[in-house]
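*Asks:* Chains A and B, in that order, are what the protein sequence lines are. If you use my numbering, the first sequence corresponds to residues 290 to 503, in order. If you use my numbering, the second sequence corresponds to residues 13 to 92, in order.
Keep in mind the hints are simulated off the structure, nothing from the lab. This structure is a prediction, so every number in the text was calculated from the model and none was measured. The beta-carbon is built from N, C-alpha and C at its ideal position, and this holds for glycine as well. Take the hints with a grain of salt, since some may be wrong.
Stated by the list, open to error - Computed from the model, here is a short list of chain B residues facing chain A with C-beta under 10 Å:
(1) 16
(2) 20
(3) 21
(4) 25
(5) 26
(6) 31
(7) 41
(8) 56
(9) 76
(10) 78
(11) 80
(12) 83
What the hints assert, rightly or not - Interface residues of chain A toward chain B, partial, derived using beta-carbon atoms under 10 Å:
(13) 346
(14) 352
(15) 437
(16) 451
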Amino acid sequence: MKTAVVVFPGSNCEHDVVAAIENLGGKADLVWHRDTDLTDFDGVILPGGFAHGDALRTGAIARFSPVMDAVAAIAAEGKPVLGICNGFQILCEAGLLPGALIANRDLAFICRFVDVEVVDTSSILTNQTEPGQKVTIPLNSYEGNWVDPSGTGRVVMRYVDNPNGSSGAAAAVANEAGNVVGIMPHPERATDKLLGSDGGNVLLDGFLSSLLPV
Amino acid sequence: MKVRVDLTRRPEIADPQGTTINRALKDLGFEEVASVRVDKVFHLDVDGDDPELVRQQVTQMCQQLLANPVLEDFEIEIEK
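Using the sequences plus the hints, can you model the full thing?
*Replies:* This is the structure:
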């Protein structure tokens, strides 16, 4: 079971994601955004950063990267697709998740640990958690304010204090099937108490366990 | 052909920048300002002589890339 971690020009969390996956016993390979073949992979993670410089809007250019057709195909097969931070923004722009991310309510770049609470355990991110379980993981974004006029997004985790004004206090959102998830704070940066928290592991464990054949 | 594209944030979408600017204007004593919205304008220079064709092309550009349909509406004006 192997995870593709896509590297766009401007991604900056890809190595953290690979390290976090490997710490949990998983396998992950970096994949360049120009690659178009993901048939060797059982799941995909779009990492954080500033893909294509976030020119125009966050994720607006990245969604046209050649790899994105293969990401959409993996999503359509029901395999796990996780977007973290900028990856979440890209999934929304690509239409793989509903809604969009706009500037934080108070126009501040937020860079601190936040408490997030599990709302819905039926997703690739939350399947190893209990409803109401809280984890502490770092938020690190300016456009983290999720809006969803369609009302179709499934909030699977919410902020305890909603620092960025997200609709429904959403910190993580799933598609209807639960196999595509975007999360704004960074589970891969909270994988060891030495880093301030290991709260991200239970989420990435969920991703890894969803790679297993049903 | 010069083309102007106005992107307007949909009314139901919050505009934190506009809200903050409105507050700053009030702080400066401009109490008469009811609201502020910050939008985006593109100025394109497009090859072609047929305004209708250019409009169609720019419409596609808006639908595919320039506008996010969740957030924004667009209006195209062929300038000359």
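*Asks:* Now tell me if each hint is right for this structure.
*Replies:* A quick look at each hint next to the structure:
A distance limit of 10 Å between C-beta atoms decides the matter here; for residue 16(B) the minimum to chain A is near 17 Å, and the interface restraint is violated. Proximity of residue 20(B) to chain A is violated relative to the hint, the smallest CB-CB distance being about 14 Å (cut-off 10 Å). Hint status for residue 21(B) relative to chain A: holds, with the closest Cβ pair at about 9 Å, below 10 Å. Restraint check, residue 25(B) versus chain A: the minimum CB separation of about 6 Å is within 10 Å; hint holds.
Checking residue 26(B) against chain A: minimum C-beta separation of about 7 Å stays under 10 Å; hint holds. Proximity of residue 31(B) to chain A holds as hinted, the smallest CB-CB distance being about 8 Å (cut-off 10 Å). A cut of 10 Å between beta carbons decides the hint on residue 41(B): the least distance to chain A is about 22 Å, and the hint is violated. Taking 10 Å as the C-beta contact cut-off toward chain A, the hint placing residue 56(B) at the interface is violated, the least distance being around 13 Å.
Proximity of residue 76(B) to chain A holds as hinted, the smallest CB-CB distance being about 8 Å (cut-off 10 Å). For residue 78(B), the interface hint holds, the least distance from its beta-carbon to any beta-carbon of chain A being 7 Å, beneath 10 Å. Interface restraint check: residue 80(B) against chain A, minimum CB-CB distance 6 Å, threshold 10 Å, status holds. Given hint, residue 83(B) at the interface with chain A, holds; its Cβ is 5 Å from that chain's nearest Cβ, closer than 10 Å.
Interface hint at residue 346(A): satisfied, since its Cβ lies 6 Å from the closest Cβ of chain B, which is below the 10 Å cut-off. A hinted interface residue such as residue 352(A) counts as satisfied when its beta carbon comes closer than 10 Å to some beta carbon of chain B; here the least separation is about 9 Å, so the hint holds. With its C-beta approaching chain B no nearer than about 8 Å, residue 437(A) sits inside the 10 Å limit, and its interface hint holds. Taken as an interface hint, residue 451(A) does not check out: its beta carbon lies about 13 Å from the nearest beta carbon of chain B, beyond 10 Å.
Checked against the numbered hints given earlier, the structure breaks hints 1, 2, 7, 8, 16 and satisfies all the rest.
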